[in-house]
Amino acid sequence: MLTYSNRRRTRKNERGPFLLVLACGALFLASVASAQIYLPSQPTPLPSNYGKVILDKYSSTEPGGVVFDHWLHRSKFTCRLCHVDIGFAMRANATGIRAETNRLGFHCGACHDGKRSFEGQTIFASCSSAENNSQCARCHSLGKTNVRKYEYKAFTARLPKALYGVDWETAETKKFINPVDFMEGISVKKAPMQTRQDFAITTNLYWVHPVRFSHEKHTVWNGCELCHPEIFHTVAKNQEQHSMVANIVGHNCGACHGQVAFPLNKCSGCHPSGPTWM
Amino acid sequence: MNRKLLFVLALVLIFCSHSLSQTGTKQRRPLPYEFGRVVLNNYSEKADLSPVVFEHWIHRSKFTCRVCHVDIGFAMKAGQTGIKAADNERGYYCGACHNGKMIADGKPVFAACSNRRLSYGDQKQCDRCHSLGKKVASDFDFFAFSEPLPKERFGNGIDWEKSEAIGLIKPAAFLDGFSIPKHFLAAQKDFELNSKVEGMPDIIFSHKKHTVWNGCELCHPEIFMGVRKGNSRYTMVDISEGKSCGVCHVTVAFPLTDCQRCHTKSVQP
Amino acid sequence: MLKRGIALMLFMGLVAVIGGVYAIGEPASSETQTAPAQEAWQAEFDDICSRSQNAMTFSQQELADLIQRCDVLMPKIEKLDETRKKVYMGRLRMCRGLYAYVLESKENQKK
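Chains as they are written, first to last, in my numbering: chain S, 1 to 278; chain Y, 1 to 269; chain X, 1 to 111.
Each statement offered as a hint is correct.
For lysine-lysine, the following DSSO-like pairs were computed, each having C-alpha atoms within a straight-line distance of at most 30 Å:
1. S:K189 to Y:K170
2. Y:K77 to Y:K101
3. X:K86 to Y:K124
4. Y:K243 to Y:K162
5. X:K76 to Y:K77
6. X:K79 to Y:K84
7. S:K189 to Y:K162
8. S:K189 to Y:K62
9. S:K189 to Y:K208
10. Y:K196 to S:K217
11. X:K106 to Y:K182
No wet-lab data here; the hints were simulated from the structure. Being a predicted model, the structure only gives us computed values, none of them experimental.
Sequences and hints are given; from them, build the entire structure.
This is how it looks when you write it as structure tokens:
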């Protein structure tokens with residue numbers, strides 16, 4: 001027979017697990033929301049916006065935030081050149097680029113100095129101290145229209161596409177692009193370390209195939225120093241545990257994959273598809 | 001109820017710890033003139049002065065590591081020495097050279113932390129070191145300094161070893177009043193360190209060069225405690241956290257991104 | 001009235017003297033008087049720590065002696081003024097640490 005106290009107790013018992021599930025769900029959503037990749041349930045960004053970085057640490061009021069589009073630069077240069085030789089961080093606003101350092105020939109100013117020529121053209125100077133301000137909007141274009149020279153659709157017309165944007169791997173294998181890895185005055189020539197062999201990364205989930213990690217391709221684009229030791233502390237295989245949660249919030253593989261390289265919702269990019277029990 | 005709360009809190013930590021952790025992301029690379037910069041602020045702000053900005057690049061071109069870190073006695077981590085203005089005034093620590101009397105490059109080296117009461121003119125003198133956040137003119141320009149020196153990929157962008165080998169810099173190994181006239185240094189042999197990772201070249205550790213610059217006491221036993229070769233394991237994780245090799249080779253000597261500088265022995269097929 | 005005036009003058013004079021001393025700095029007379037005693041510990045320190053470069057060539061007994069001498073010197077350095085105590089304790093620690101380290105390595109080698 002349900003007395004008043006029994007009824008209370010029952011309700012309390014029912015509430016507990018429900019609240020726990022609610023709390024777990026909220027936490028999961030919170031950690032996903034803090035991620036910068038796009039899961040299937042969310043609307044995918046426009047291909048022209050994939051890899052876009054807004055830099056407004058110092059320029060938000062005047063002359064306006066900088067919009068950096070990865071698609072333009074990665075068609076011309078390897079990741080290593082910018083992120084190792086020039087030294088950009090891999091998070092927006094973490095580098096602390098200032099007009100002064102650009103003028104001194106660092107960061108953007110390493111190439112954008114008004115003197116260096118590339119592909120037959122002189123690269124425009126960033127943060128020029130000249131009075132003429134019309135050039136500023138070429139980079140400080142947040143919120144402005146019709147100020148940029150290159151437009152995504154026209155620029156990437158010939159390049160092979162994937163769902164999220166340009167398929168850069170295929171573009172390079174089919175010789176549509178030939179990224180440059182060395183810039184005079186910035187890069188120092190060194191004997192290359194032997195390229196690393198591909199290897200498998202085991203997963204903890206029995207229904208998920210181990211990752212076929214393409215180490216060799218990664219070293220061609222990134223060198224060793226981009227990933228080691230800051231992103232991946234150790235080179236010994238399978239010594240560190242890298243969870244998908246860490247990837248989602250932008251650590252380890254997620255430092256690139258989800259922000260600039262193909263996003264994590266392309267599971268087959270890393271994990272071979274098909275059932276694991278066959 | 002308490003147990004449930006603890007469980008929920010544990011879940012919070014598990015889910016959020018990844019976003020809170022600072023590893024696994026690529027930090028900005030310090031600019032060549034910033035590499036080796038140490039900010040000292042044990043007492044500066046309490047004394048209404050900006051924190052001190054110490055640049056390694058100018059000092060390491062003039063002295064070996066041992067002169068400062070053994071003979072004068074600076075610690076190897078910011079804030080550990082506990083330098084006070086009084087110490088400098090009495091001619092120790094920074095005041096060992098920055099005393100207004102020592103001659104370098106034909107000029108007397110400016111005095112640090114003069115013990116007179118500060119007037120407006122003195123404030124400018126203080127700013128030469130207490131310069132964090134201020135634009136202070138220096139006698140030495142990094143670009144003019146580094147231009148003739150052989151280049152390297154990381155750190156200051158300067159190949160310090162080569163610069164010394166070809167005589168472009170001549171770091172002094174002796175400082176009057178601090179360095180003890182020492183007996184001839186018994187040369188230490190270079191030795192091999194097994195990288196223990198398949199395919200990763202082994203390291204030929206340049207013990208000889210290290211002892212020329214550092215002496216013995218700088219590293220032993222405080223940085224390298226294990227005595228028998230091969231007994232201690234130095235993992236790259238430890239090193240990147242600033243232990244063993246990482247005491248120098250993260251912030252001052254060539255950084256860990258320059259794999260080939262250490263991993264030099266070719267892999268046996 | 002007169003007494004008050006004199007008292008006030010004397011007081012202001014005292015303040016001026018104290019302020020003047022504070023501005024110029026206290027006279028450093030103590031150091032010169034104890035110079036010979038200082039040199040003794042300094043000479044001992046120089047003698048012990050000048051041999052660190054050759055630590056590997058010493059016998060175990062020599063190293064043990066050097067460590068003993070460091071331990072004897074330590075209380076003398078503890079009595080110095082704050083600055084020199086800080087500097088020389090650090091240097092002695094490194095120097096003694098090195099000898100202990102080399103001694104341990106020789107003992108391990110024998111085993």
